[in-house]
Amino acid sequence: MSAPTAYRARSETEVDDGVDWFRLCALGGLAVMTATWVAVLYDLTITLGGSVPLLLLVTGSIALAAVLSRLISERVAAVLTVGLLVVSYGSYILSTPNGLELLLQAWDKIIADSISLLTGLTVLRLKEAHLWVLGFAPAPAFFSWYLAFRRRYVLSAVVGGLAFLVLVLTGDAATAFSGGWIQRGMLFGATLGGIAMIGFGELERHGGSVLQADVLVVLFTLMLIGSAIQLPFTGSALRLVEGGPTTVEGSLTSSPGETTIQGSIELSPEVRFTVTADDPQYWRVGVYDRFTGGSWLRTGQAGPYSGQLDPPPGDTETVSQLVRMHDRANVMPAANQPVRVEGQVREYTQVTSHGGLQSTVTFQPNDTYRVVSEVPDPDEATLQNAGTDYPTAVQQVYLAGDKQPDFSNGFESRTQEIVDTAGAENPYETAVAIEDWLEENREYSLDVDRPNGNVAESFLFEMEQGYCVYYATTMAMMLRSQDIPARYVVGYTPGQQVGENQWVVRGLNSHAWVEVYFPDVGWVKFDPTPGGARSDAEVTSIEDARQSGDGQVDVGGSEDEPLTTTTAIPTNRPTSNATDRNRTFRDPDLPGVGSDNPGGSFNGTASTPGATVGEPEGDRPDGFSEEQQRYAAFALVAMVGLAAGAHRAGATRAVRRAAKLRWQGTKREPDTDVERAVERLELMLERRYGPREPNESPSQYVERLSMSGVDTRADRVVELHEKAVYGPGVSREEADEAIDLVDTMVRSNTPLLRRFAD
Amino acid sequence: MTDANTPDASHQPSRPATTTDALTVDQAAQVSHDVLANVEDVIVGHPDEIEHVFTAILARGHILLEDVPGVGKTMLARSIAASIDCSFKRVQFTPDLLPSDITGVNVFNQKTREFEFQEGPVFANIVLGDEINRAPPKTQSALLEAMEEEQVTVDGTTRKLPQPFTVIATQNAVEPNRTYELPLAEVDRFMKKLNLGYPSQAEESEMLARVVGDHPIDSLEPVTDVETVQRARRTVAEVTVKEPVRNYATRISEFTREHAKLGVSPRGTIALLRAAQARAVLRGRGYVIPDDIQAEAPRVLSHRIRLSASGPRDRGVQVVEEAIETVPVE
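Quick mapping for you: the protein sequence lines, in order, are chains A and B.
Sequential numbering of the first sequence, starting at 2, is according to the numbering used here.
Sequential numbering of the second sequence, starting at 430, is according to the numbering used here.
Hints listed in this document are in silico derivations from the structure and should not be mistaken for laboratory results.
Incorrect hints may appear among the rest.
Said to hold, decoys possible - Residues from chain B that face chain A, not an exhaustive set, calculated with beta carbons under 8 Å: (1) Ser570; (2) Glu574; (3) Tyr716; (4) Val717; (5) Ile718; (6) Glu751; (7) Ile753; (8) Thr755; (9) Val756; (10) Val758.
From the three backbone atoms N, C-alpha and C, an ideal C-beta is built for every residue, glycine too.
Excised from the complex, chain A in its bound form (with noise of 0.2 Å):
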């Protein structure tokens, strides 16, 4: 990670008269904390690109704090970093398409977006995530530390923690944290870091001593308790701001945006949903354009459906297809490219800015609809002079970006090795070539390790095997390497035919395959995938299905049609939403559409086929669950803490007193005793009247108090104290009346005591 940027100013705040220790541990605090958030940017930037840059800016917001934080003052500091803000959000929102445009008349959709941003949008699936990366950073930088090197701790961490917020918030943190144990540590890292630095902080602004870590003690614990409770808001389980119903195609995007590429998977041979169409086709549910190494992302908004979309611009076969869905879903499986919806269910339908369908709400069982497709249907002379003039919109988002390319150079060199053996001369050819390369040379298994780091480099120079995702994948980067538009899409193949026109799709069936662009034509499916391996499997699976008599593997004749089907690549189940809300609607034209759920479900990764699962939270650390040791160590920390804090609080000074009142304790010396029995008097006094003042004698307190109706046995007892504390000391008597005026005083003033005084 990318923590030693924050260390560096550490040296310039050593003071000259000798190191502060307290001083010191507080600025080490602050730069742990610093280094925290830096490092989940910088992770960021490691996908979007702009590392170096994100570490100068930093390091350099850091040591201007230290200059300025001499020069100028705290309002001045404090304009300058909500300028920095304004300008840097302001910018990067210029630099989105249709940015201005944005800026001048859509500041609602600003507000949306920021806040499906904070209620756990990835960064990563904004459009210009590295300038928003490389915005962001230096304004909590600076301001943080001018505020540490001015020794206003606290409103430091605040600075720093509101930054480690708005990634936490946007899940990203608990993204780039979620390996290992360093990394969680680095988690806890963050809020430690700034306990620690409040902590210290005051104490040198104070002058305390260690004596007084007991405030430390208890904020560790509040931190260390707070950090084992899960977030419940974090991530995409809770979405405060529906991202949908917005038109604006701006920076941001709604969900389902994000499919993580797992290790092993094993088939679902359950139905999903049967098609009734002319055709069999590929069933699209989601398109993913930017690639992190290790999952596919959604940049872009998705829109309501309204109306007629946009045809692809070339020869088309037109394919109607009436969707029923046999589990509950909410993605709009319908071969590219969607035109047209029809039925009530158009109203809870979205595009995506990549042309795809989703559905706001989830599809119950029996529910039913109808798609209208234009599929690209090219003859091969057209795809071999289509050229590349490719539209800019394509340009931006499907190639490999010039500022940090997706892959190294060697993944280039290699594709380019491929590409010239098969002696391409074309985007066509060169993709033809690469698909036929990746069937011939790897295997088609389930069975996988699942790499680190780049899976399509991994794919290409170590892996032998892998299945449709890795396939896919690995297909679109090296498309992208040969500057030809390609994008990663998934969704389920034809499925089973059972009738003239109809399909069963079932769960295995799910599949990822690549687009690729081509000027006039529009979005060209290839499948890299190899077709025998994949039918085996789906074939065995269905049959070990059928034979331990599962119910959800055939509808109406399946079981009788051979199972000559396609490819298969496993998906977990679809969406079962907890919340749903079961609203019926019956449309006439469409027979069976079922129920819905308006704003249901938001895990859309867990339907959307190709192995999307991986939501954020699954990865989250957890603090300290199950092992019962940790669990003992949790208990026991917590224990000092609150032992710490009611310390802190008075509560053991508050019970000592009330004991120290009614208990005289053993008996001693004569003055010893008097002396006791007159600070029992003065707490009993002072929770009536007020305490003494430091400058009264006890014999002028009561004297004071008489006033207000202290009796005349107190004036005994003090006149003891006096002889006592002052005079030659008194006899065991007399102390033994001291003891019994107070017992009596005592008893009369509490309340459930009262009857038995005097």
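Given the coordinates of chain A, assemble chain B onto it according to the supplied hints.
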């Protein structure tokens, strides 16, 4: 307060000249109250100041009365002297007063052909130095030396002053430009500085009633004697001062040193403790409590404090009050 204890009789008397034993605290308190009651027959009002004068006598201190003329400074001194049945002399300080006018001179006796010492007014139990700030410093210092040493040296011969010996000096607060202000070092030798102030209207009216006909001072009868006062002084000297009280007194002095240009000297702290002892006896106590310190501190310490070289001298009171307010009692 019925069980006031007797100071430990085994204490070795600090002054060999006195052969008498100390009174018990109760006896000393009784004597004091008799004297105060007697004085209050003459002096109208000012009960606190009368008490302070008498406690200063018991505590072997001297008193500086600063006030405008005619408020009864001289009358106060005279009535106390008359109540004790002791010698009383009065010196009116004037700019031309010589030291020998105070201490006395050796006079050549024609008959015996020898020098004989003629005692000055300082040879008395109670000496009233009126308007002490009108005399030049040399003359002032002659009196002040007598106060400190309780003896007088004339022409190489040292003569002891009678016991008890108490100087009550008055200072004229008006007409400052015709006076020699007492240096701080000399003011420090007075245990207390008192202000009488004007009587209230009722008091003044009462005063007028008393002076019609015979002045009460003329008929004032002594209620005690020098011997008893000496024994009471021994009682006071033996009053217990425990460590918490000693610490409290030193903390007060310390405070004045921290909050003024010139704070209370150790001599001032000693004086404070002695005055507190005397007050304890008057209250029938054989031990000093912090209240005694607090009661005596303003009059014992204020005049020893200078806030600045040229600033008003009265500010010392504020410092002492602040000290009492701030310094915690243990």
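These are the hints, each one checked on the structure:
| no. | hint | result |
| --- | --- | --- |
| 1 | Ser570 | violated, 38 Å |
| 2 | Glu574 | violated, 36 Å |
| 3 | Tyr716 | holds, 4 Å |
| 4 | Val717 | holds, 6 Å |
| 5 | Ile718 | holds, 5 Å |
| 6 | Glu751 | violated, 10 Å |
| 7 | Ile753 | holds, 6 Å |
| 8 | Thr755 | holds, 7 Å |
| 9 | Val756 | holds, 6 Å |
| 10 | Val758 | holds, 5 Å |
When held up to the earlier numbered hints, the structure conflicts with 1, 2 and 6 and fits the remainder.
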